[in-house]
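**Q** Now for the letters of each chain:
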Amino acid sequence: MPKLTINEIAVEVPERATLLEAAQRVGIEIPTLCYAPGKPPNTSCMVCVVEDVHRGRFLPACATRAEAGMVIATDSEKVRLARRAALELLLSEHQGDCEAPCERACPAGLNIPLILRLLARGETAAAQALAQQALVLPAVLGRVCTAPCEAGCRRGSYDDPVAIRQLHGQLGEMSGGDGGTSATAPVSGKTVVVIGAGPAGLAAAHVLQGYGHACRVYEKEGEPGGVLRDFPETQLPRKVLEDELDRLGRLGVEFRYETEVGTTVSLAQLLQEADAVVLACNLLSAERTGVFYAKEQRMPVRSIASGKNAAKAAHAFLSEAVEQPGTGYQSTMGRLPREQLEAYVVGRTSPGTLQRSRNPIRMREEAERCLHCDCHAPVSCKLRRFATEYGARAKVFRNAERPAPDGLQRHGDVIFDAGKCIRCGLCVQISAERREALGLAFAERGFAMRVRVPFGETLSKALTLCARECVEACPTGALAFENIEDL
Amino acid sequence: MKTNLDITEVDHILERTGRRAEDLIPILQAIQENYKYLPEEALRRVCELSEITPAAVESVSTFFSQFRRRPVGKHIISVCDGTACHVKRSTAVYDAVAEHLHLGATEDTDAEGVFTLQKVACLGCCTLAPAVRIDSVTYGHVVPDTVSRMLEDFLKQQSHVPFQASATGKEAPSSAGEIRIGLGSCCVAGGSEKIRGALMESLENLGISVQVKHVSCVGMCHQTPLLEIVLPDEPPHLYAKVRPEDVEAILMAHFKPAGARAHLRSVTSRWLQRAYTREERDAPERYALDVRDAPVAAFLGAQQRLATEYCGEMAPTDMTEYRRLGGFEALRACLGLASGQDRPLSPETIIAEIGVSQLRGRGGAGFPTAQKWEAVRNAPGDRKIIICNGDEGDPGAFMDRMILESYPFRVIEGMTIASLATGARAGILYIRAEYPLAVSRVEEAIVLCEREGYLGTSVLGSSHDFQVRVARGAGAFVCGEETALIASLEGRRGSPTFRPPFPAQQGLHGCPTLVNNTETFAMIPWIMRHGGAAFAALGTERSKGTKVFSLAGKVARGGLIEVPMGSTIRHIVDDIGGGVSGGRRLKAVQIGGPSGGCIPAALCDTPVDYEALLEAGAMMGSGGFVVLDDMDCMVEMAHYFLSFTQRESCGKCSPCRVGTKRMLELLGMLCRGEGKGGDLEQLEELAHAVKGQSLCGLGKTAPNPVLTTLRYFRDEFEAHIEGRCPAGKCKPLISYRITEDCIGCTKCARVCAPGAIAANPYALHEINGDLCTKCDNCRLVCPVDAVKVE
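Protein sequence lines, in the order shown, are assigned to chains U and W.
No gaps in the numbering here: position 262 of the first sequence is 262 in the working numbering, and each next residue is one more.
No gaps in the numbering here: position 730 of the second sequence is 730 in the working numbering, and each next residue is one more.
It should be emphasised that the hints constitute simulated quantities derived from the structure, not laboratory data.
No experiment lies behind these values; they were computed from the predicted model shown.
A hint or two may mislead.
As the list claims (entries may be wrong) - Using 30 angstroms as the maximum straight-line C-alpha spacing, the simulated BS3-like pairs for lysine-lysine come out as follows:
1) W/LYS676 with U/LYS78
2) W/LYS676 with U/LYS395
3) W/LYS700 with U/LYS78
4) U/LYS3 with W/LYS700
5) U/LYS382 with U/LYS39
6) U/LYS39 with W/LYS700
So here's chain W without its partners, still in its complex pose (with noise of 0.2 angstroms):
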């Protein structure tokens, strides 16, 4: 391989990329895209090319997940196993394609070389969940059952030219009306671009003329792809988890085919009604949802829209579209170009304006924002930076996704405003490597608004420069942490330094640095439109104004949501989540992701509060909402999110290297049944050490998640110790039986991998202990429940 290798290519990325050792982890994100893996040989060149010195190299390339340091397949698998896959069996989905692809314990690609599996940590399609990607495909609600035949629509679609999204329809529209479809990353996953194919040739083929829009995600990503259909003097038309056979028959029930094929409509729109009536064709999930329709108003019509305003009717890239709801008022009116102004807002005022909104960080900690603003206006410098942090990272959360993908104006509007109020005259939007469609539609924003004048020299023709530009992250949790995602910023590793000194003071290449999360500024054009007294109105004392929430895990109606804050628990479960899903028990509700808590059931009535959530134990975190339910065990629980910090600790100090990892074996072993009297007071022990002496956030959090179940469901970590799991989903602690209630229908012997159950039909099916995996499938298919766990 290495002999064969052409490495002139790394000296053309080189010209594009720049050779400053900030370019570093550009550099090597285009090596990679070229290569598929980081040829040592193309590293050793960036050396002789750049001042990138070996050291930093090797200390980057290593670092991020992103990046790998050996050649791979031709195609990537990553199996994500965020916080709502993982509760939804996304391990047994990852085994399940390890064994398709007849993988060993230690490798991870298949041999003749076609796909390499890797899991990731969360591909932010928690409503998909078990999702994986494969390569720019993402399949949802995958299960083990299903990964072959996954693998072969992934091939059998690689020999099609693949679909291109385009943000507007090129011709003119005769109908009227417009039809709506979500292209957001759920509805891409759920299949909306097969939908949008489907719906292109059907309307050639039916001769209609009609406005194609793709909208922004509606946050009902429980039922993608999405199509909406909306005429004039009627209510809009939404028709969820739609195929793309249903296309035509859709589109008949509501626009006349031109020409021959108009007798045809009577019969399919007959046909239409019966097969939406049919209850054998998937019948609860497949149905035309109207906002009417109690449910999705309950989802719907409970929330209130800020950062998320005009969701779903507003195409995230159309200008046009932007201006005509307001967009770029804000900024307007902060320029003084706002009618009846005569001068612009001063900086002071501005700023006073989002004190007065009581703004406080969306990324987790809750800092106000008006204060933050204030420290990077007054800090000495010429030179200072925007940063808009959108390393969104948390497994089970993806609102800045769908902010980034959906309202890229909006948050570049929210930074233009921050750059006034801050003198800023550089902006950067960092955004997530595993998010390239909210990388690409803000590329695409910032070309139409510099083309617009609202980025670049004289912003709006005034005296304010403000140029803006895309860095993407490369894998790694704790760059959400500033200081961290300022050194990759600067070309070296995810490390945080000690603060102060703070960003505000000394940021990015020593400049006074401005980082606020994508949903913070996402909030900036409402509050300065809206005035910051009537963001203050909303929400409690000190939690002012909305909160956006990825809700997911095992709730009914899954999605992104806006609440005021102040919303209980209870009441984003129950009335706009729809309650558990499967009729099972609510258990508790995991809130701020890794570094938040589990608030259990009894205390749903807890109100969605930076201080409230604090004090039982949880945060706010960036807005992970995963439910969990009496089949959800809380030492799994929180052995998985240690899991996942402790391979997320950038190992700088070791109180988290170390201790998060001492704390992880703890667990593993209760988990395994191996745990023994006084494990519970050392974890506690560790847990508090680790929680006080960390550097950084990511430290001094991680522990949240094993305090805050250990507080409230302390029974059940006793209960491991005596070799029992009470929810059954320890392995080394349960085992599978079949009772009398089987009717002997073989299912469960179909199902079954290892071959632990012979069908027997019609006869009491028995369970081999012994060949048993505990894959949990004969439960899941058992028709009468007759699979019980032990």
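Isolated chain U (complex conformation) (with noise of 0.2 angstroms):
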């Protein structure tokens, strides 16, 4: 039974131990990507990495037997570093995008990807709810956003973007749908109060709602639009303003027209009368307790953006919540030359033209242009997890090559997106255990090496026994079901 230190705690071990077992014996966690429990130590993504504090060493933890009067550090400042130099590396050859461009680049933060997927499907009422929770005047926006998302959209360095600004239009001037907040939180009893009935005061008080708070809505105006309706008739016609103001009426957020804070009612007052305010009218006022800001902006997007920010932090101060951190690490592969770009049209919907002009478009046929250029595990995924808390940065290599990605493949409900393999080889070693008859392979070697299937075979030949098995296995979005999981 070796004894040694692990940082600074004495263990003792049963014969032939790794460090990963010593240090789980004393509760010591150390992130792995390419170990799993109860298989041989691939040794392959180093990010295990332990410190052999006798010997300046570094040794990966998964593989290292224990032997008696090691003395190990698996939290030390040359550890983190050289574990983030690890996951570097692996970031730096990584071809993929945690979220979507069109889904980065869209200032209210619409699950693109998934809406199209949602439309794709014939799920029209879904995709309506999601864009109706989401940018909160999906038809408004429909007509005036600048539409970021299309400038996003990797489609569109192919042929045409998929009209995403057109899609949420048409499916918010659609009639139906409650607004997706029929999942409403339960009542919290708190009160909030808006100031303002432009876009921004609008998404504070339809976000509110959402979190189950009491909501009130000062406008100074009579009507609620604020901005929206300086548009003129051609751009946003009025009904469509009209119908989707009136939805968002029937929510159940009380309104209170020509009521002019300073003038009418006092922020002292309302914070007496309310559990917090949230100032959508550009009004500022000194840092005070319970006050949230939301900007109105030249871009209604960005207004709608700000006023669901406020809201979110209001709610977080009402329910004593901690802030919810950042998204977490941001893999990107920015633009991709556009023989690249090949391997993930293929399969898509022929190339369309997008139809510019106000007619309906076929909703079903546009969503499948996608490319679905977003993570199929941005949750469950341990490289993303693990940059976020090494603190990974992004791009440190210039003009980094990446491997040439081989785009999708597909197998029931699983995909493979190759692009996103960090080379660890559990597949390729669960589908040997499992006795497929083809199963993985690497391939090649060196920075060339990757995981293909072989013969130049299909997936669904490659995994016929064990897929899901692999996927479960896989510590990135590389192998993952075609359903992508919700954030």
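Take each chain as given, in its own frame, and dock them per the hints.
**A** Printed below as a string of structure tokens:
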């Protein structure tokens, strides 16, 4: 029974135990990507390195047997930097986006690939709810938004971007829908006052209502809409605006018009009658507890984003929750040359020309043009988790070449996105253990090494027995289920 | 192509090779020998007929560089890009061949399907640099200008029946004395087979009957082909760089022709004298060497030969001669068969003797050999295996090739002694596929040893069995790493595994396995014959005995040398190598190949010693010793070595797979003048990460060439960031200019392929910078040194 020290804690382990197992005994967690319990170590990711203090070297904890007298550090600065270096190297060859470029471009944070998947599957109602929940005014934005999403759309550098704006516009103008608040949280018993019924204020009220807070909107004019009313009829027909505002009005938010803060009512008064106040009227006041600011901006979608953020902050204040951390590490592929894009376009609906006209487009067909650049495993991806935890820097290497992407391969509800593979070898190991007739194999060597189906066969032929097992073992979104995890 | 492929041959191949998972590499090699590539139908057939899985076929057939998955031309042209060739402009040769064959940027085969062009890591013919191999014919000293002649010669030769080399002459000689021809790869490439043909023909014509002997490599590879005439009571006459047309004249000078042609002797003899003194006939290089001549004496005399004992005197596969020269005495002594012995040496005694010698592994890391043997001996298990690691893949090194080609018996004897000491009953000689001659010599030697009872069941009548076979590597530098080597022997990708467990505990098929380098085994018979103490008397305090180096690069006399440990780098370059060639200045010596480092001229008093070299940032490595002069750019050298390791990385662990790639990109940017402030710091940081976190020795040592050059030549790196290449090597950073010294000879214009120089007799020439490809040809041909690089 060797005795050793890990982070100055003495530990005794059985013969042949690894450092990883030894650390687990004393409750020390060591990050691993390529290791799976019960399988022989692959020693490929080197994220599990620990420091052998006596000999001044790094050891992979998953494979190194604990020896008597070892002094191991798992959390020293050196170790953190070594792990960060290993992660940054893996990320530098990572060919994939944690979130789709369109989604990152949308200030309001609409999960565009998801909405397009819903549309493509014919789940129009769900798509509509999603649009309403995220954009608050999907019909209006369908007319007035500058559509940064379409500028970010990867398909745009192949032929035309997916007509995202028009799609959510059409969804917004369709009858029905409850504004995406059907699944509201239980009533919180708190009241929030929102000042201003422009897009920012409306968005804030909508989100707060969704959190289960009672919401009252004060507006100095006699009707909601604010700056939206300045758009000409040709761009934003009055009917579209009124219909959407009516829908919002039916959601239970209380509106009080012709009430101006500062004249009709004072901020102090409001703070007495409500638990929190969101100022969405470009009125600035000194920082005060319980007051949150949203800004009306030139781009309506930014105003909506601002309103949503203020509402989230107010909600966090009211529920005494710790504010949600940021989205975490963002792997981005950036622009792909056309020949590389081909690999992703294969199997997508043949290139259609974007219909810039106002004529309704066939939504399902248009949605099928999406390349689904978002990661299928944004939550469970260990690479992303550790990259965030160890503060890995994106793009540390200038002009770093990444292996040419292979595009996606499908097998039932399993997809294989080789660009996101970190060559850990777990799926290769599993398919060999399960005696798949074809299975997966490492092909080529060095930087060109990749996981491939032998003889250029399909994923369906390769994984007939253990597809799910492989997906579950995959530390990233390389092997994943078609249904993307919810954030 | 697919439809008319006959795959029934696969069935026959499997009959021969076996059908187990571990037979995969020999199967693929046999398929490729048959079809010239690996047709998918053939591979699928292998999976049908054997226990080998498609995944194994896919992963192994794409891992090793020997295997091709696409059809190729009738002949394969391999341009060597080893270190010695690289510094002698092999890239220009490659480009010239590509141009000659009209290959597009992504093509490797010409339109007619005659030739396929590829770059190879190292052919191990460093003294012939730059070297090119077409199928099995090696051409040395190729320059872009001679490419078309080389291809013509090859095609012409295809129509002749190739000369078959045989080990010994069949007829009994009548004249006293013997004629020795070097038949090492260097000599063969240098043209010794043609010389032999001419020799046999001349001997018949002249009616001379004398023994013609093929001897092992002399080590003077810079003078190939060599012909030595040994007559009783005369000092041996050694002729260097012999041409077939010279042969008859040389014979006439030493032998008395029989019959009618005798009268010619005096005539030719006079002609010979003239021929060798006429200056215009390549005079400086073509002369009769004599061991008493100063340069030869310096080259050969300063060496001390243990592993390469009887170098140039012994026929590689002549067992009688090997025995006569003390061969198998060590083995007999171990078995208790020497005179005066009454019982065999115990394994402990053998290991103790090796221990006394303080022999350390010659593969590079320098692990004490006795300790390794002891570990294998003590490891539990009945089945133990010995592997001779001859997978020498370092660009710029050819020690293992030469030892295996020249002294196969010695290596086998060393392995057999190791088998007695460790209790192993099976042995494998793992030899690079690029060394066909070594493979065939060793195979021949094994057959002879089995016949004479040195190998097989009950070795020399003892109770000890030792079966030995050859396994051919398939082209992966990483297989020099013992766990990767073992993986490939088991029919898997050559990816290393984490140690421990060490092969000594758990190696091939889980059996305790002793893996030693070829040179290490070649040392064993000498040590057992002369005693460990005699070996330990040589060398330095911690590095004992001798070390074989392949001396190449910008040195006057390259070749294979063996020197006592502790010899200084300066002694090797100046005294043995005859100094830097072309009168240039010594800049650095690259020792240890891609795992080693560049030792600057200022540190040339560093002795050859494991620790001293490590301290200087290099390492012994397997023994590459490449001399660099002031025309060599150290940033480019760092880039060259790293591009080798990066290409050879197995890809398993990310620090090596991605880290070496990122380092290479940084170095590439420096060489292209795209470097920025902070690049050197990032490069260093990255180098330490790769060194510290890689899984195996390849990754752990890959940054060494970068770190040593950064350490000793940092100013040169900084100059590149500023947009200058002081050595004038990095093309994007230099330009060519013709100075006033130009005499208007038009030579430069004639060699300028892109037509950047217009011929203008007797007038000052000019280079059109827009057309200039910076191929350096003009500078090389200029008789008055008027082409300047800026």
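**Q** Determine for every hint whether it applies to the structure shown.
**A** Evaluated hints:
Distance restraint check for W/LYS676 and U/LYS78: the Cα-Cα separation of roughly 27 angstroms lies within the 30 angstroms cut-off, and the hinted pair is therefore satisfied. Proximity of W/LYS676 to U/LYS395 is assessed by CA-CA distance (about 16 angstroms); at most 30 angstroms being required, the pair is judged to hold. The suggested pairing of W/LYS700 with U/LYS78 holds, with an alpha-carbon distance near 18 angstroms, which does not exceed 30 angstroms. With a CA separation close to 29 angstroms, the supplied pair U/LYS3 and W/LYS700 stays within the 30 angstroms bound.
For the proposed pair U/LYS382 and U/LYS39, the alpha carbon gap of about 18 angstroms is at most 30 angstroms, so the pair holds. Using a Cα cut-off of 30 angstroms, the hinted pair U/LYS39 and W/LYS700 holds, with the two alpha carbons roughly 25 angstroms apart.
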